[in-house]
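Please take these sequences and the hints and turn them into a complete structure.
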Amino acid sequence: MSSYPTVEDLRLVDAVARHGSLGAAARELLVSQPSASQRLAALERRVGVTLFDRDTTGARPTAAGREFYEQAAHVLDHLGAIVGRALAAAQSRTVSVGTIPSLAGTLFAVLDVLLGDVVLQPEVEHGPRLLEWVERGTLDAAFVTIAKQVPIARGLVVTEVGQHDLVTLLPDGAPERGSGRRPYAGQTVVCCALDLSRDILLQRLTDLGAQVRHSATAESAVRTARERRCAVVVPDMVARWYAAPGDRIVPAPVRFGVRLSLVTRSPAPSGLVDVLPGLRERLDRGNTHARRKAS
Numbered sequence: 246m247s248s249y250p251t252v253e254d255l256r257l258v259d260a261v262a263r264h265g266s267l268g269a270a271a272r273e274l275l276v277s278q279p280s281a282s283q284r285l286a287a288l289e290r291r292v293g294v295t296l297f298d299r300d301t302t303g304a305r306p307t308a309a310g311r312e313f314y315e316q317a318a319h320v321l322d323h324l325g326a327i328v329g330r331a332l333a334a335a336q337s338r339t340v341s342v343g344t345i346p347s348l349a350g351t352l353f354a355v356l357d358v359l360l361g362d363v364v365l366q367p368e369v370e371h372g373p374r375l376l377e378w379v380e381r382g383t384l385d386a387a388f389v390t391i392a393k394q395v396p397i398a399r400g401l402v403v404t405e406v407g408q409h410d411l412v413t414l415l416p417d418g419a420p421e422r423g424s425g426r427r428p429y430a431g432q433t434v435v436c437c438a439l440d441l442s443r444d445i446l447l448q449r450l451t452d453l454g455a456q457v458r459h460s461a462t463a464e465s466a467v468r469t470a471r472e473r474r475c476a477v478v479v480p481d482m483v484a485r486w487y488a489a490p491g492d493r494i495v496p497a498p499v500r501f502g503v504r505l506s507l508v509t510r511s512p513a514p515s516g517l518v519d520v521l522p523g524l525r526e527r528l529d530r531g532n533t534h535a536r537r538k539a540s
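Sequence positions in the sequence shown follow my numbering and run 246 to 540.
You may find that some hints are simply not true.
Stated by the list, open to error - Derived DMTMM-like pairs (lysine to aspartate or glutamate); straight-line CA-CA distance at most 20 Å:
1. K393 - D417
2. K393 - E380
3. K393 - E377
4. K393 - E405
5. K393 - D357
6. K393 - E312
These are computed hints drawn from the structure, not numbers from a lab.
Quick caveat, the model's predicted, so the values are computed rather than measured.
Pasting the structure below:
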């Protein structure tokens with residue numbers, strides 16, 4: 246096609262398909278039948294296919310015409326909702342918040358409760374991209390773990406939410422680490438650092454004799470460790486979230502910490518700042534029942 250179809254093109258195809266007649270479609274659209282016929286012919290030339298087989302009994306969509314009609318109806322439905330959605334957004338309190346995949350499930354669930362009648366618009370991306378979006382103003386806030394590891398643009402405010410040490414989660418059936426300089430010799434260890442310390446963590450665990458498997462997200466790290474019945478090294482908040490009966494949480498063999506931060510433009514959205522104490526408490530508490538069982 247040489248150009249996109251116009252809204253008038255979509256409405257014409259929609260009307261012809263519903264009525265099965267150019268004349269009836271023209272009356273609905275308040276145009277003459279010759280005008281409707283000319284517009285449809287012009288659209289078919291631009292598309293390069295026949296959309297309707299027309300004769301004295303009416304207009305019947307071809308295979309291409311049926312597909313065009315279905316897509317047109319879909320687009321028109323969305324267009325009809327644009328104004329209503331814009332008005333709803335203007336009348337409601339909203340906040341757009343982004344975070345990394347490993348934190349999204351728990352963080353957004355907690356924020357949705359704590360923010361009350363404020364509508365949460367969640368975004369999931371990697372830390373550097375989230376910081377760019379906050380800087381440009383397309384995102385109100387981001388919860389990231391790299392704020393202290395990368396340069397922060399002028400005008401952005403970093404508020405520490407919590408410091409979380411790495412721990413070892415031992416699923417039911419996973420062996421304890423041994424002793425000596427290579428306590429993980431012959432053992433598989435899964436890990437997920439959540440920040441830019443990944444390479445250092447991998448090297449430290451390798452030096453301890455581990456066959457290391459790094460996971461892209463915290464949840465996948467824990468699930469992998471359960472399947473393999475091996476140790477998984479993750480931040481303590483993650484271990485508490487995903488601990489299950491029979492699991493054990495013990496100190497990690499390496500000393501690292503993950504710093505969770507809230508990054509916003511200045512001034513920070515008051516609604517988010519107000520819920521930070523409750524957020525810290527919920528993140529630290531984690532899966533309380535499972536933690537009691539694990540301990």
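Status of each hint after checking the structure:
Annotation: proposed proximity of K393 to D417 is violated, straight-line Cα distance about 35 Å (limit 20 Å). Restraint check for K393 and E380: satisfied, since their Cα atoms lie roughly 16 Å apart, inside the 20 Å limit. Under the criterion of a C-alpha separation no larger than 20 Å, the hint pairing K393 with E377 is consistent with the structure, at around 15 Å. Our distance criterion of 20 Å between C-alpha atoms is met by K393 and E405, whose separation comes to about 10 Å.
About 26 Å separates the Cα atoms of K393 and D357, which puts this hinted pair outside 20 Å; it is violated. Between K393 and E312 the alpha-carbon distance is near 52 Å, which puts this suggested pair outside the 20 Å criterion.
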